[in-house]
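Asker: Top to bottom, those sequences are chains A and B.
Note that my numbering has the first sequence beginning at 1, numbered continuously upward.
Note that my numbering has the second sequence beginning at 274, numbered continuously upward.
Careful, some of the hints might be misleading.
The list that follows gives simulated cross-link-like pairs (lysine to any residue, SDA-like), each with its CA atoms no further than 20 Å apart [unchecked claim]: (1) B/482 - A/237; (2) B/482 - B/472; (3) B/482 - A/51; (4) B/388 - B/362; (5) B/482 - A/198; (6) B/388 - B/482; (7) B/378 - B/352; (8) B/482 - A/77; (9) B/378 - B/340; (10) B/482 - A/21; (11) B/388 - B/324; (12) B/388 - B/424; (13) B/388 - B/412; (14) B/378 - B/420; (15) B/482 - A/78; (16) B/482 - A/255; (17) B/482 - A/16; (18) B/482 - B/340; (19) B/482 - B/494; (20) B/482 - B/511; (21) B/378 - B/307; (22) B/388 - B/417; (23) B/482 - A/261; (24) B/378 - B/417; (25) B/482 - A/221; (26) B/482 - A/108.
Computed, partial: chain B to chain A, Cβ under 7 Å [to be verified]: (27) 546; (28) 552; (29) 553.
Hints in this document: simulated from the structure, not taken from any laboratory.
We put the CB at the ideal spot given by N, CA and C, even for glycine.
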Amino acid sequence: MTVDAAVSATTGTLIATRPAGRYHRCSIAAPDVATAAVPGQFVAVEVQAPGTLLRRPFAIAGVDTAAGVLHLVVATVGAGSAWLVAQAVSTRLRLTGPLGRGFTMPADPGRCLLVGGGYGVAALEWLGARLLAAGHRVELLSGAATAQALYPVTRHDTVAGTVVETTEDGSSGQRGLVTDALGDRLRDGDAMVYACGPMPMLAAVAGITRRAGMTCEVAVEEHMGCSVGVCMTCVVPTVHGYARSCIDGPVMDASRIRWESVDPPREDGLRHG
Amino acid sequence: MGEVDLSVRLGPLRLRNPVVTASGCFASGREMARFFDLSTLGAVVTKSVTVEPCAGLPPPRMAETDSGMLNAIGLQNPGIDTWVERDLPWLVDQDVPVIASIAGKTADEYGLLAKRLRDVPGLAALEVNISCPNVEDRGIVFACRTGATAAAISAVAQVCDLPIFAKLTPDVADITEIAHAAVDAGATGVSLINTLLGMAIDVTTRRPKLAAGTGGLSGPAIRPVAIRAVHQVRHALGDVPIIGLGGACTCTDVLEFIMAGADAVAIGTATFADPMAIPAAVEGLTRWLRGQEERAIAQVRGTADTERTA
Ligand SMILES: Cc1cc2nc3c(=O)[nH]c(=O)nc-3n(C[C@H](O)[C@H](O)[C@H](O)COP(=O)(O)OP(=O)(O)OC[C@H]3O[C@@H](n4cnc5c(N)ncnc54)[C@H](O)[C@@H]3O)c2cc1C
Ligand SMILES: Cc1cc2nc3c(=O)[nH]c(=O)nc-3n(C[C@H](O)[C@H](O)[C@H](O)COP(=O)(O)O)c2cc1C
Ligand code: FES
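With the sequences and hints as input, model every part of the structure.
Answerer: Below you can see the structure in the form of structure tokens.
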């Protein structure tokens, strides 16, 4: 069993919340969590919206280790996320983290394709910066339904050598799905693929990379109860049965997942962002 | 100000404090030991284990509801053999009493599970989950019938000398009748309550939020139902050992259960909302007791004013 001792249940302080496209970037001073985190891991944040009970999981979108600060990129979809982005600077936030398994760094320098949908690109931006710093070639593909839903990648040169943006309606970048852009780029050679975004997008990326015989890691998103491995809520069907995505994931080898059993079955790239 | 005594008796067991974990909400302890020392707990009640490995139900398995949640896990577990070999040894080595929860599809299966566990060193007791409503091929829930309750409990009692706690569902007309049947069949005590069967629908998709359709409701939303069940059984069955649970989150909630008549109190769903919920409740009990006349928490049991109950 993977049981990472670096995790803590702690209280952080919100130091800034800024808009990032249609999302919000929340920066939280939580040194224990920020110093231990790697890309792909997440935190579970207590939200105090009326009637809510469970902590909300959010991917860690970056850290400032020296300052002990971590960043989250939050899409407002319901009461909990709305509560979080509405909090004033200095609000104390109870949170658990860093949780789960992060992305694996490739052993040898090579080409890395990072495929993200919507706010999923935020965590890949951080991964990209680490990969670049470790001497890898990084291409970041960022997709969404519309220009508005694209995550605004700000510092292109420090996170990737190439950034390609796609929108389904063509309102920005290439028209089409981010998975189409991935298909185009697979032709010119071997690469390690990392993906983060909605499940239908991940399923499509998994299919493309499997057919191309490439290694692919995906960060899955399932509904979570405890976020810490004890309730069996967050399971994903794998070749070894249902695995807990909060502790055996959220980053998983795409070839381990039985995509045909992910509910509802998702074979190909559908809507996202 | 003298020192306070949090220890309680739970039938033949002596617990260092009354706060224990709820089955299915603490796995087998290892994940939670990252957050606090398990010796903080009165006891660990483990996730229900079955004879064969059980894959569980398809996701989505959980839906948050107002001050509560629905779950339909379907008793996912590795099966008794793997559990005893892989997960249990670590837990029994910790400084905390272990109460193993078992779940069967037939009375015979309960007997088989009890036989497998009776000689495992370090186990303090068994909790017999005769009330899980989530198993797909469940038929009728054991704890909805006095006859089936007696059959399951006596299958365990006949083969095993460990103390037995029968875990009951609140989804019955008269829970005291079922508690009587369990105790008459050999249960040492009862655990009250399991989840209530519920359902939630997504009005956009017009589909149930859980893949299984229905699921068990837990969390603060069910606490009044649990307090009522504990109170009824305490009054109907005299001194029977009771583990109270259902929506307990804080020290105040734990006290509510104890005043209703519980000897020990399990915290389940609250651990999902805050991994430190149990240690916080234990600390709160110590502080609370320092301000009372009683020196021992055991003296607080059943002290709620019952004169006003109809
Ligand atoms: C590992 C992980 C990482 C995540 N990272 C991010 C992130 O970086 N940024 C971000 O904005 N969100 C992220 N999410 C999703 C986020 O947890 C949910 O959007 C949030 O919990 C919704 O809470 P709410 O109270 O606002 O909405 P609710 O009222 O709880 O839900 C609103 C809608 O969102 C859906 N939803 C709720 N939880 C999830 C979930 N876990 N996965 C998919 N759909 C869900 C509900 O079904 C509902 O339709 C992540 C989820 C997981 C499991
Ligand atoms: C995710 C989840 C899994 C559960 N699994 C079990 C189980 O395996 N066996 C059991 O007897 N009860 C199980 N329960 C019920 C709890 O032990 C408890 O009776 C119920 O949740 C009410 O307490 P709470 O409100 O404190 O959670 C489970 C509850 C939840 C939320
Ligand atoms: S969310 Fe509870 S086990 Fe993963």
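Asker: It remains to establish, for every hint, whether it holds in the given structure.
Answerer: Going down the list of hints, with the structure as the test:
With a C-alpha separation of about 19 Å, the suggested pairing of residue 482 of chain B with residue 237 of chain A holds against the 20 Å cut-off. Of the supplied pair hints, the one linking residue 482 of chain B and residue 472 of chain B holds, its CA atoms being roughly 8 Å apart against a limit of 20 Å. Straight-line distance between C-alpha atoms of residue 482 of chain B and residue 51 of chain A comes to about 18 Å, which keeps the hinted pair within the 20 Å bound. The straight-line distance between the Cα atoms of residue 388 of chain B and residue 362 of chain B is roughly 17 Å, inside the 20 Å bound, and the hint therefore holds.
This hinted pair checks out: residue 482 of chain B and residue 198 of chain A have alpha carbons roughly 18 Å apart, not beyond 20 Å. Of the supplied pair hints, the one linking residue 388 of chain B and residue 482 of chain B is violated, its CA atoms being roughly 39 Å apart against a limit of 20 Å. Among the hinted pairs, residue 378 of chain B with residue 352 of chain B is consistent with the structure: their alpha-carbon atoms are about 13 Å apart, no more than 20 Å. Taking the CA atoms of residue 482 of chain B and residue 77 of chain A, the gap is near 16 Å; set against the 20 Å cutoff, the hint holds.
For the given pair, residue 378 of chain B sits about 31 Å from residue 340 of chain B by alpha-carbon distance, which is inconsistent with the 20 Å threshold. Of the pairs offered as hints, the one joining residue 482 of chain B and residue 21 of chain A is violated, with about 30 Å between alpha carbons and a cut-off of 20 Å exceeded. Between residue 388 of chain B and residue 324 of chain B the alpha-carbon distance is near 11 Å, which keeps this suggested pair within the 20 Å criterion. A C-alpha spacing of about 16 Å is found between residue 388 of chain B and residue 424 of chain B, which places the hinted pair at or below 20 Å, so the restraint holds.
Between residue 388 of chain B and residue 412 of chain B the alpha-carbon distance is near 24 Å, which puts this suggested pair outside the 20 Å criterion. Proximity of residue 378 of chain B to residue 420 of chain B is assessed by CA-CA distance (about 15 Å); at most 20 Å being required, the pair is judged to hold. Among the hinted pairs, residue 482 of chain B with residue 78 of chain A is consistent with the structure: their alpha-carbon atoms are about 16 Å apart, no more than 20 Å. This hinted pair does not check out: residue 482 of chain B and residue 255 of chain A have alpha carbons roughly 28 Å apart, beyond 20 Å.
Taken as a hint, the residue 482 of chain B and residue 16 of chain A pair is broken in the structure, with Cα atoms around 35 Å apart against an allowance of 20 Å. Restraint check for residue 482 of chain B and residue 340 of chain B: the C-alpha separation of about 16 Å stays at or below 20 Å, so the hint holds. A threshold of 20 Å between alpha carbons decides the hint, and for residue 482 of chain B with residue 494 of chain B the separation of about 18 Å falls inside it, so the pair holds. As the CA atoms of residue 482 of chain B and residue 511 of chain B are separated by approximately 41 Å, the hinted pair breaks the 20 Å bound.
Under the criterion of a C-alpha separation no larger than 20 Å, the hint pairing residue 378 of chain B with residue 307 of chain B is inconsistent with the structure, at around 34 Å. Using a Cα cut-off of 20 Å, the hinted pair residue 388 of chain B and residue 417 of chain B is violated, with the two alpha carbons roughly 25 Å apart. At roughly 18 Å between alpha-carbon atoms, residue 482 of chain B and residue 261 of chain A fall within 20 Å of each other, so this suggested pair holds. In summary, the hint linking residue 378 of chain B to residue 417 of chain B is supported, as the alpha carbons are separated by about 14 Å, within the 20 Å threshold.
The hinted pair formed by residue 482 of chain B and residue 221 of chain A meets the criterion: a straight-line CA distance of about 16 Å does not exceed 20 Å. Distance check on the hinted pair: residue 482 of chain B and residue 108 of chain A sit about 45 Å apart at the alpha-carbon level, beyond 20 Å; violated. With a least beta-carbon distance of about 5 Å to chain A, the hint placing residue 546 of chain B at the interface is held under the 7 Å criterion. Using the Cβ-Cβ criterion of 7 Å, the hint placing residue 552 of chain B at the interface with chain A is not satisfied: the shortest such distance is roughly 10 Å.
Taking 7 Å as the C-beta cut-off, the interface hint given for residue 553 of chain B is violated, the closest approach to chain A being about 10 Å.
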